[in-house]
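A.B. asks: As a plain string of letters, each chain reads:
Protein chains: 2
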Amino acid sequence: MNDNPLDHLIKLLGSLPGLGNRSARRIALHLLSKRGSLMVPLADALKDTAENIKNCNICNTLDLSDPCNICRDPKRDKRQICVVAQVSDVWAIERTGAFKGTYHVLGGVLCALDGIGPEDLGLGKLKLRLEETENREEQEVILALSATVDGQSTAHYIADMLMPLGIKVSKLAHGMPVGGELDYLDDGTITTALRSRA
Amino acid sequence: MNDNPLDHLIKLLGSLPGLGNRSARRIALHLLSKRGSLMVPLADALKDTAENIKNCNICNTLDLSDPCNICRDPKRDKRQICVVAQVSDVWAIERTGAFKGTYHVLGGVLCALDGIGPEDLGLGKLKLRLEETENREEQEVILALSATVDGQSTAHYIADMLMPLGIKVSKLAHGMPVGGELDYLDDGTITTALRSRA
Numbered sequence: 022m023n024d025n026p027l028d029h030l031i032k033l034l035g036s037l038p039g040l041g042n043r044s045a046r047r048i049a050l051h052l053l054s055k056r057g058s059l060m061v062p063l064a065d066a067l068k069d070t071a072e073n074i075k076n077c078n079i080c081n082t083l084d085l086s087d088p089c090n091i092c093r094d095p096k097r098d099k100r101q102i103c104v105v106a107q108v109s110d111v112w113a114i115e116r117t118g119a120f121k122g123t124y125h126v127l128g129g130v131l132c133a134l135d136g137i138g139p140e141d142l143g144l145g146k147l148k149l150r151l152e153e154t155e156n157r158e159e160q161e162v163i164l165a166l167s168a169t170v171d172g173q174s175t176a177h178y179i180a181d182m183l184m185p186l187g188i189k190v191s192k193l194a195h196g197m198p199v200g201g202e203l204d205y206l207d208d209g210t211i212t213t214a215l216r217s218r219a
Numbered sequence: 022m023n024d025n026p027l028d029h030l031i032k033l034l035g036s037l038p039g040l041g042n043r044s045a046r047r048i049a050l051h052l053l054s055k056r057g058s059l060m061v062p063l064a065d066a067l068k069d070t071a072e073n074i075k076n077c078n079i080c081n082t083l084d085l086s087d088p089c090n091i092c093r094d095p096k097r098d099k100r101q102i103c104v105v106a107q108v109s110d111v112w113a114i115e116r117t118g119a120f121k122g123t124y125h126v127l128g129g130v131l132c133a134l135d136g137i138g139p140e141d142l143g144l145g146k147l148k149l150r151l152e153e154t155e156n157r158e159e160q161e162v163i164l165a166l167s168a169t170v171d172g173q174s175t176a177h178y179i180a181d182m183l184m185p186l187g188i189k190v191s192k193l194a195h196g197m198p199v200g201g202e203l204d205y206l207d208d209g210t211i212t213t214a215l216r217s218r219a
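In order, the protein sequences belong to chains A and B.
Numbering follows my numbering, with no gaps: position 9 of the first sequence is 30.
Numbering follows my numbering, with no gaps: position 9 of the second sequence is 30.
No lab work stands behind these hints, which were simulated from the structure alone.
Errors might be hidden in some of the hints.
Identical copies carry no separate label here, and so any pair may be met within one copy or between two of them.
In silico DMTMM-like cross-links for lysine to aspartate or glutamate, where the CA-CA straight-line distance does not exceed 20 Å [unchecked claim]:
1. Lys-55 x Asp-65
2. Lys-55 x Asp-135
3. Lys-192 x Asp-98
4. Lys-192 x Glu-158
5. Lys-55 x Asp-110
6. Lys-32 x Asp-69
7. Lys-32 x Glu-115
8. Lys-55 x Glu-72
9. Lys-32 x Asp-110
10. Lys-121 x Glu-159
11. Lys-75 x Asp-28
12. Lys-99 x Glu-161
13. Lys-189 x Glu-155
14. Lys-32 x Glu-72
15. Lys-55 x Asp-141
16. Lys-99 x Glu-152
17. Lys-75 x Asp-110
18. Lys-192 x Glu-161
Kindly generate the complete structure, drawing on both the sequences and the hints.
C.D. replies: Below, the structure written as structure tokens:
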């Protein structure tokens with residue numbers, strides 16, 4: 022194969038998360054068989070999204086407008102700020118419809134191995150946002166971070182950071198997933214579910 | 022989530038082979054975090070490929086030029102035509118460097134269940150191509166189709182179709198994969214390898 026646009030496309034596709042060389046080749050061939058109905062629309066959608074989707078300057082999520090729809094919505098409860106690692110976590114929580122507060126997207130979690138420190142996550146921005154709120158005693162920060170070592174150490178770090186501000190900090194409950202069978206749960210989850218029994 | 026370009030992008034990405042909703046969301050977020058270095062170049066590569074990559078009118082493969090580089094290459098042996106199902110099969114054979122003839126890409130295999138008949142694969146075009154060759158007794162058609170039911174019935178169909186033309190038809194050998202351990206091979210492969218022993 023010579024240096025042509027198809028090779029370049031396959032290389033770019035193969036660099037996407039979850040895709041390798043083989044799946045990139047398969048996708049490229051699929052796209053070429055549907056140039057008008059899929060390939061060109063996909064190129065347009067990429068350009069359109071790259072140009073029009075912005076990061077919200079308040080909560081850091083992605084939306085057409087800045088501030089985002091959630092931050093601008095007067096019906097959302099500004100006294101609850103749910104701290105998540107990724108924009109996809111916002112989407113996951115929004116799909117449940119169970120949360121009516123606002124968000125703060127960190128863009129990752131603390132990770133000593135990958136060299137991700139507090140300044141990389143913009144934790145100063147979160148602190149500033151909370152320092153600027155008026156009724157701090159009514160404010161609640163919900164740490165909705167992954168139940169991994171990095172996620173939990175990030176949660177600890179944020180809880181420590183917010184301690185002097187006198188803001189209520191809560192965490193997502195750990196326990197059995199709904200619909201989960203006890204027999205298939207790992208030891209850590211069973212222990213936590215037992216200890217947090219209600 | 023409202024009707025915005027990001028949703029549209031995720032929908033298009035999710036329709037690609039091997040990707041679902043979750044992987045499409047993950048890829049979209051990855052792209053948005055690398056707008057300049059990956060997202061826009063990917064959009065350009067898609068447009069560029071859609072506009073410049075053509076199907077070769079002789080062998081049906083994809084290339085920048087029509088006829089393709091392989092069909093135009095005077096060093097390739099026109100007396101050997103390797104019949105494959107997909108363009109990716111051409112690439113797989115080309116990577117080995119073991120074949121110096123030309124190709125014919127069917128674009129699929131016969132499949133009664135999916136309603137794919139001989140006219141869908143352009144088998145008439147293959148027949149025409151072979152009828153137009155000058156020294157038919159020197160011509161060889163190598164059927165390099167998958168060792169599946171559909172692949173093998175397609176191979177049988179083509180062999181039958183070419184019989185009246187008096188062209189030599191051969192098939193890829195079946196047997197043990199190189200590096201394969203006997204213990205891990207399926208019964209069909211062992212039986213075939215035994216019968217075709219040399």
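A.B. asks: Please go over all the hints and tell whether each is borne out by the structure.
C.D. replies: Structure-based check of each hint:
For the homomeric pair Lys-55 and Asp-65, the shortest alpha-carbon distances inside one copy (14 Å) and between copies (17 Å) are both at most 20 Å. Within a single copy, Lys-55 and Asp-135 get their C-alpha atoms only as close as 40 Å, which misses the 20 Å cut-off; across copies the closest is 18 Å, which meets it. Taking CA atoms no more than 20 Å apart as the test, Lys-192 paired with Asp-98 passes inside one copy only; the shortest distance there is 18 Å, against 69 Å between copies. In this assembly of identical chains, the alpha carbons of Lys-192 and Glu-158 lie at most 20 Å apart only when taken from the same copy (17 Å versus 78 Å across copies).
Taking identical chains as interchangeable, the C-alpha atoms of Lys-55 and Asp-110 lie at most 20 Å apart only when they sit on different chains, with a minimum of 19 Å there against 32 Å within one chain. For a Cα distance limit of 20 Å, the shortest separation of Lys-32 from Asp-69 across copies, 14 Å, qualifies, whereas the shortest one inside one copy, 22 Å, does not. Only between protomers do Lys-32 and Glu-115 lie at most 20 Å apart by alpha-carbon distance; the minimum there is 18 Å, versus 34 Å within a single protomer. Taking the shortest alpha-carbon separations for Lys-55 and Glu-72, only the inter-copy value of 12 Å comes in at or below 20 Å, while the best intra-copy value is 25 Å.
Within a single copy, Lys-32 and Asp-110 get their C-alpha atoms only as close as 29 Å, which misses the 20 Å cut-off; across copies the closest is 18 Å, which meets it. Taking the shortest alpha-carbon separations for Lys-121 and Glu-159, only the intra-copy value of 15 Å comes in at or below 20 Å, while the best inter-copy value is 76 Å. For a Cα distance limit of 20 Å, the shortest separation of Lys-75 from Asp-28 across copies, 14 Å, qualifies, whereas the shortest one inside one copy, 31 Å, does not. In this assembly of identical chains, the alpha carbons of Lys-99 and Glu-161 lie at most 20 Å apart only when taken from the same copy (9 Å versus 75 Å across copies).
When the C-alpha separation of Lys-189 and Glu-155 is checked against a cutoff of 20 Å, the pair qualifies only within one copy, where the shortest distance is 14 Å, while the shortest distance between copies is 86 Å. Proximity of Lys-32 and Glu-72 under a CA criterion of 20 Å is satisfied inter-copy only: 18 Å between copies versus 23 Å inside one chain copy. With identical chains, the CA atoms of Lys-55 and Asp-141 are at most 20 Å apart between copies only, with a shortest distance of 16 Å across copies and 41 Å within one. In this homomeric assembly, Lys-99 and Glu-152 come within 20 Å of each other (Cα to Cα) only inside a single copy, at 14 Å, whereas the closest approach across copies is 77 Å.
For the homomeric pair Lys-75 and Asp-110, the shortest alpha-carbon distance inside one copy (17 Å) is at most 20 Å, but the shortest distance between copies (42 Å) is not. For a Cα distance limit of 20 Å, the shortest separation of Lys-192 from Glu-161 inside one copy, 10 Å, qualifies, whereas the shortest one across copies, 70 Å, does not.
When the structure is compared with the earlier hints, no violation turns up for any of them.
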